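Guided by the hints, dock chain B onto chain A, whose structure is given.
Sequence lines, in order, name chains A and B.
Taking the working numbering, the leading residue of the first sequence gets 240, the next gets one more, and so forth.
Taking the working numbering, the leading residue of the second sequence gets 61, the next gets one more, and so forth.
Do not take every clue at face value.
To be verified - Straight-line C-alpha distance at most 20 Å; calculated DMTMM-like pairs for lysine to aspartate or glutamate: (1) A:Lys783 x A:Glu757; (2) A:Lys263 x B:Asp124; (3) A:Lys276 x B:Glu150; (4) A:Lys336 x B:Asp123; (5) A:Lys715 x B:Glu150; (6) A:Lys276 x A:Glu339; (7) A:Lys336 x A:Asp415; (8) A:Lys454 x A:Asp730; (9) A:Lys433 x B:Glu150; (10) A:Lys568 x A:Asp415.
Calculated directly from the structure, the hints in this document are not laboratory data.
These numbers come from a predicted model, not from an experiment.
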Amino acid sequence: MYAYDEIDRTLVNERVSEFRDQVKRRLSGELTEDEFKILRLQNGVYLQLHAYMFRVAIPYGTLATNQLRALAHVARKYDRGYGHFTTRQNIQFNWIKLAELPDALEDLAKVGIHAMQTSGNNMRNVTSDQWAGVAPGEIEDPRIWSELIRQHTTLHPEFSFLPRKFKIAITASDHDRAAIKIHDIGLRLIKNEKGETGFEVLVGGGLGRTPFIAKTIKHFVHGRDILSYIEAILRVYNQYGRRDNIYKARIKILVHELGIEKFSREVEEEWQHIRNSSLQIDDEVIEDIRSRFTYPAYEKLPHMPDELRQAAADPDFEAWRKNSVAPHKVQGYSIVTISLKPIGAPPGDATAEQMDALADLADKYSFGEIRVGHEQNLALPHVAKRDLPALWKALDKLGLATPNVNLITDIIACPGLDYCSLANARSIPIAQELTRRFANHELANLIGRLHINISGCINACGHHHVGHIGILGVEKNGEEVYQITIGGRADENAALGTLIGPGVKFDEVADVIEDVVEAYLALRERPEELFMDTVKRLGVEPFKERVYATR
Amino acid sequence: MTSPLEQKKIKIAGPSIVTANRTWDGIVVYRTAAKSWSADLSEAAIVRNSDEAKALLAESVADDVGAIGPYIAPVQVGADGKIEPGNLREQIRRTGVTIGQPAQV
Numbered sequence: 240m241y242a243y244d245e246i247d248r249t250l251v252n253e254r255v256s257e258f259r260d261q262v263k264r265r266l267s268g269e270l271t272e273d274e275f276k277i278l279r280l281q282n283g284v285y286l287q288l289h290a291y292m293f294r295v296a297i298p299y300g301t302l303a304t305n306q307l308r309a310l311a312h313v314a315r316k317y318d319r320g321y322g323h324f325t326t327r328q329n330i331q332f333n334w335i336k337l338a339e340l341p342d343a344l345e346d347l348a349k350v351g352i353h354a355m356q357t358s359g360n361n362m363r364n365v366t367s368d369q370w371a372g373v374a375p376g377e378i379e380d381p382r383i384w385s386e387l388i389r390q391h392t393t394l395h396p397e398f399s400f401l402p403r404k405f406k407i408a409i410t411a412s413d414h415d416r417a418a419i420k421i422h423d424i425g426l427r428l429i430k431n432e433k434g435e436t437g438f439e440v441l442v443g444g445g446l447g448r449t450p451f452i453a454k455t456i457k458h459f460v461h462g463r464d465i466l467s468y469i470e471a472i473l474r475v476y477n478q479y480g481r482r483d484n485i486y487k488a489r490i491k492i493l494v495h496e497l498g499i500e501k502f503s504r505e506v507e508e509e510w511q512h513i514r515n516s517s518l519q520i521d522d523e524v525i526e527d528i529r530s531r532f533t534y535p536a537y538e539k540l541p542h543m544p545d546e547l548r549q550a551a552a553d554p555d556f557e558a559w560r561k562n563s564v565a566p567h568k569v570q571g572y573s574i575v576t577i578s579l580k581p582i583g584a585p586p587g588d589a590t591a592e593q594m595d596a597l598a599d600l601a602d603k604y605s606f607g608e609i610r611v612g613h614e615q616n617l618a619l620p621h622v623a624k625r626d627l628p629a630l631w632k633a634l635d636k637l638g639l640a641t642p643n644v645n646l647i648t649d650i651i652a653c654p655g656l657d658y659c660s661l662a663n664a665r666s667i668p669i670a671q672e673l674t675r676r677f678a679n680h681e682l683a684n685l686i687g688r689l690h691i692n693i694s695g696c697i698n699a700c701g702h703h704h705v706g707h708i709g710i711l712g713v714e715k716n717g718e719e720v721y722q723i724t725i726g727g728r729a730d731e732n733a734a735l736g737t738l739i740g741p742g743v744k745f746d747e748v749a750d751v752i753e754d755v756v757e758a759y760l761a762l763r764e765r766p767e768e769l770f771m772d773t774v775k776r777l778g779v780e781p782f783k784e785r786v787y788a789t790r
Numbered sequence: 061m062t063s064p065l066e067q068k069k070i071k072i073a074g075p076s077i078v079t080a081n082r083t084w085d086g087i088v089v090y091r092t093a094a095k096s097w098s099a100d101l102s103e104a105a106i107v108r109n110s111d112e113a114k115a116l117l118a119e120s121v122a123d124d125v126g127a128i129g130p131y132i133a134p135v136q137v138g139a140d141g142k143i144e145p146g147n148l149r150e151q152i153r154r155t156g157v158t159i160g161q162p163a164q165v
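The following block holds chain B by itself, in its conformation from the complex:
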C-alpha cells in the first residue's frame, strides 16, 4: 500500500484537519495539536498550508496503532473559532447517518 504521504503532492485550499478511524473500535477521530486523537472535531489541529498539512499527516500516519487511514479533510472555521466539516462526507462522518437507523425507528 502506498503511504498517503507518497500518493500525491499535498495541496489544501483552505483550513484543514487530519481525520482517521480509531484502531480498536473504528470510530471517527481527529488529530489534535497535542499529537493525540480526539473524537471531538473542536479539538482538531487546524492546518492552513501544505507544509503544515504534510507535517500533521506525517505524524498521524506514524501513529499507526492509534488510528488508521488518516487523511486531510477540509473544514470551515467560523469567526468564533468553531470548526465545521467542509463537505458532506465529513459532515456525515461527524454527525452520523442521515437516515433513521432501523433499530431506532
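Extracted from the complex, chain A is given alone in its bound form:
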C-alpha cells in the first residue's frame, strides 16, 4: 500500500471544499451549466441517461480495505447499493444526486480517495498491472513510477487543458496485463545492459472511432528522465494536437498524421530543452516514493501446505484454484483473481455488501489489500496458499467464486445504452445472455482462453477492437445492430480485430457468437490451440463462412 502524505491529504480536502462551493453556486443558479460542466467533469461527474454518474479513481488499481469500505458506503448511502468497476481502474456510481456529491466526496476523502481527473481533457488516472509488486519475474513494482507520474501530473496546469483526454498505463512484466498498447502513452519497465531501470516508451495507442495500436517512440528512457520525456511528448501534443475537431484531437491522430518518425523527432528536440531541468528525478525522490509503499511481512511458508493438498479432493475447489489462482513471487503465497462476472450478471458490478465482505476477507487473508484490474475483476494480491480453501468457501458464499477468469464468460462490457448517454445500443444484456449460453464451466474450459469485449458505441469503452471476439453495438434505422470482429487482443501482442461481416440484430448476437465458437472448436488443430492462434492461422474467412452461410 502507498501512504499518502500531508500534501496529498490537503489537496484532496481542498478539492472537496472547492467542489462543495461550486455545487452550491450551481444549484442556486449563480453558475450556469455551461460554466459548471467543466468543473463537474474535473471531479468525475458526468450526466448519463438516468442520472449523474460519479467516477472515482483507484490509482494503479490498489485499494486498502478502508477504501473499499468507503466505496461500499458511497454505494449504499448515496447510490443504489452497487458500483461498477471500469476498464481503467476506476469505479462508477450510476445514480448519484448532484446535491449529495460533495458529501460523498468528503466521505471518500477521509480515506484518501478522490475523483480528480477521472474525466475531462486532462491526464487521467495512471493505470498499471493489477499484479504489480507480486508478479513473479517483474522488473520492479511499476506502481512506484505510476505514483511519480500521478504526483507530477495531478492538477498540473500544462496538462489540465489538453486537446483531449490523455491516458498512461505502465507494466513491468513480460506479459502485459495493463493493456499499455492501447493507451496514449504506454510504458514498459525494462533494464538496460548496465542494469539501470528505464522504460520502453510507446505512444499513440487508443481505441474509439479511429483505433491504433501504440508505436514505440523510444526503446530506452532512463528512469530519471521519464518525467521530462513524458512532458516533451505532451508539449508536442499540446502544440500540434487538434482542438478544432473532437474526433481528431487524441494524440493517436497526431502520431498517425505526422508519422512516428517525425513525431519522435519533434519530441526529441523538445526533450533536449528540458531533460536536464528540474524534471530530472533524483534517486532520493524515487526512494522516498518507494519507501511509502509498504509490503506485507510475508511468512516463510511451504510451497504445498496440507490445507491445499486436502482441498484438492474437492473438484469445485480445484476448478476455482486452477482458474483463479496465480503464482506469487513469494513462496507459499498466491494471487487470487476475483471474478466480477457471475453468470447472468452485469460485468464489473459489485454490491455494497460484496465490497464490505471483500474488505473483511482482504483483512483476513490478503494483508488488507485489494487490486482492481482493467478486465473489470478484482484481485487479492497476497493470499497464503494454506488459506485458499477457506477463502474460496467465503467467496463462494458471496457469489464471487465463479471460475471463469480469462474464459469466454469473463466478458468486458461498457455500461451501454442501459446507462450511457453516448451509447447507441445495449451491451450488458448481450453479455448476460452470452454468459448464460456458455455457463457450463466444462464447455468454457474446453474452449479455453477467449476474451469477448462489448461496446455499446464507437467510443469503445468496452474495448471491442481488442477483444478476441469484439462486439460493437450501433444504431441502424432505429434498431440495435451489432458488428462482430475477431482477432483483436490487448496484451503484449496487441492487435485490432477484423470485421467478419454485416451487423446482426440484438436477438441474433448470442447465436452468432456460438457459431464463431463452434467454428473454432471444429477448426483448431489440437485442444491447446487457443482461439487467437486459430484465427491467426486461418484468418477470418472460415468464421465468416460459418456465420453467414445460413444468414
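Leaving out everything else, chain B in the frame of chain A:
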C-alpha cells in the same frame, strides 16, 4: 458549448417532447405545458411542428437551474392521448435499465 438551439435547424418527424435531467438529482424530466418540469411523461407538452419545438426548447434551455441538457425527443401519442417514448433510448430513460440491478438481484 453550443446552445442546442444553434446546433442545427430543428426538424421533427412527428409528435415530440422536450426532455432533460433535473439539475439537483439528475433524474429524467419532461417539459410541461405549464412551463415546468415533470418526471411523468404523461404531463409532457407535445409539439407537432418545428416552430413549436423550437419555442419549447428555447424556454427549456432558459430554465438552466431546473434541468440540464434539454433536447427534443420523439414520442408516440395513442388514440387515447397516452404518450409513449418514440425510441429505445427514451424508453430506457423512462422505464429504467433493461437489466436487473445488482443490488436487487
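Hints, verified against the model:
As the CA atoms of A:Lys783 and A:Glu757 are separated by approximately 12 Å, the hinted pair is consistent with the 20 Å bound. In summary, the hint linking A:Lys263 to B:Asp124 is supported, as the alpha carbons are separated by about 14 Å, within the 20 Å threshold. Distance hint between A:Lys276 and B:Glu150 is unfulfilled; the C-alpha atoms sit about 23 Å from each other, more than 20 Å. Under the criterion of a C-alpha separation no larger than 20 Å, the hint pairing A:Lys336 with B:Asp123 is consistent with the structure, at around 19 Å.
Restraint check for A:Lys715 and B:Glu150: satisfied, since their Cα atoms lie roughly 16 Å apart, inside the 20 Å limit. Straight-line distance between C-alpha atoms of A:Lys276 and A:Glu339 comes to about 17 Å, which keeps the hinted pair within the 20 Å bound. Proximity of A:Lys336 to A:Asp415 is assessed by CA-CA distance (about 38 Å); at most 20 Å being required, the pair is judged violated. Between A:Lys454 and A:Asp730 the alpha-carbon distance is near 14 Å, which keeps this suggested pair within the 20 Å criterion.
For the proposed pair A:Lys433 and B:Glu150, the alpha carbon gap of about 61 Å is over 20 Å, so the pair is violated. Under the criterion of a C-alpha separation no larger than 20 Å, the hint pairing A:Lys568 with A:Asp415 is consistent with the structure, at around 17 Å.
In summary, the numbered hints that this structure violates are 3, 7, 9.
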